[in-house]
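> Those protein sequences? They're chains G and Y, same order as listed.
If you're matching positions, the first sequence starts at 989 in my numbering and goes up one per residue.
If you're matching positions, the second sequence starts at 841 in my numbering and goes up one per residue.
Hints in this document: simulated from the structure, not taken from any laboratory.
Hints may be right or wrong, so weigh each one.
In silico SDA-like pairs for lysine to any residue, Cα to Cα no more than 20 Å straight-line [stated by the list, open to error]:
1) Y:K848 to G:T1097
2) Y:K848 to G:S1239
3) Y:K848 to G:H1229
4) G:K1142 to G:T1097
Predicted model only: the values in this text are computed from it and were never measured.
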Amino acid sequence: MNSIDLIDVCAWTGDWNTLSVDGDVDAVRESLHACGVGQIHLSSLRTVWGHNLHLGNIDVYEAADRFDDVSPVPLLDPTLATWADELARATQRDDVSIVRLLPAYSGYTLDDQRVSACAEAVQAAGLILSIQMRIEDERRNHPKARVPDVPFDKITAFAHQYPDLPVVIGGAPWRSVLSGAGAILASDHIYAETSQMDGVDSIALIIAAGLGERLLFATHTPLFMPLAGVARILLDLSAEHATAILGGNASRLLNRQV
Amino acid sequence: MNRGSDLKTSFTDLHQLLDPGGPVIDAHVHPLQNFGARRPADAAEDVNLLRGAAERAGVTQVVLFSLYGTVPRNPTIDECREANDYAQQMAEESDGFFLPFCYVTPDEPVASADEIDRCVGEKRMAGVKLWVARRATDPGLDPILERVVHWRVPVLQHAWRKTTGNLEGESTPADVADLARRHPEAQIIMAHLNGCNPRGIEDVVDVPNVCVDTSGGDPESGVVELAVERLGAGRVVFGSDAPIRHFGVCLAKVLGANLPWETKRMILWDNLQKRLPEWVRTEVVS
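Please model the complete structure; the sequences and the hints are all you need to start from.
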């Protein structure tokens, strides 16, 4: 048996406003294990709609303390006065590799000077920065809670300012990634996760555009069904490309020399 | 630090998770010519590429409707005819893998009724597809539904509840319920379960001649289970909306659902087969 290691760079715990999901850590782990995922990079949904995004991070720290297969991905809001303290809290742990920004939900744009200061600090800490383009298709938002996507080109332009900071674009639709392939390839530190890439042959085309080593497997569990995240990679790609995207690329990124 | 468990898996294990364990009919597919990331040179190439993508996911039969090559916002009846000829050509070149539905426009109800007679009556297409020219509450749909009932074929009606706002003429699930009540003998497939969302499911709960296809939107957790709970297992059919969506991703919505295996088989095959006309129906297997 040729074993492969599945690394999910974007899973969540908690509930969501428009979906009733089982976001308990145990349930999330169980659903991912059933799909063969052995390494789970987990963020908390609990305070995405709250006034202080950081309050939910305790959920993933506690989960990581309980389970070796969980790596916390704390959420940072650079417009909160205490973002540097929250980052310091992350760097004091040895199990945090990725921190995540949710600009659209926290209500800022990437040209905000506070975001620049935060990115520089994340870079100095040797961490990976994930920037979430979307959590949910805007057409599916609650009508009283509309959240437009962060423009893909704004994320790549932002990433280009920090060539030593690995940036993972979260939740990008496949057409955005394909049309932005040149911007990703222009630098060697920009990646995209696969959780919201859909459509026949979409990932195959993205690979054909040269991004095979820049794609990272993600499921968006529990909002999305993890088996769907596996299917889009497994069914259409060569074993070599599938192995890389399901875990090889992430392993290389996570274990890079800082 | 790179953490992780000792959990190991293999490609064989993963492929087994995605094995539907029997035949699968997809109620909602368009030619690559309409929406494909790769545009085929002709219908024969469309057959090869689209069928290949479906079969890689385990889909064994596909309901196909063309919306005309350029997918015009308001197609003419001539464009509908051309689209139907393309779908028919794909069906003929696929040995029955593709089951064509007749695409018509409520903007031209009388001509559309004639086109249904041509496609269903003469060519033995398997059903009718309506798009967004007029909302399903519009009386312009009535002559079309009368032909649907006459030929005893299902009709697939587009529906969405877009927070960003539906297009002019684009139906909501409530509109579909209105159509179904006006034509209680018609078998209506309401498209886009995930696009209709849990609120839209409620709109059709008490309209038994409406079933819903599982297409539309992302593979959100719990939505297929909710549809089964609210509508019953017999009123949910598998649909992907490929090539806009990925066959395997959409199939995983059903395979990964917390439902009995028998229910999944109903969704993947039996429920749609029962609604197809006898000239294309395959024996129910579950």
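> Would you pick out the hints that fail for this structure and give their numbers low to high?
Hint 1 is the one this structure does not satisfy, whereas the remaining hints hold.
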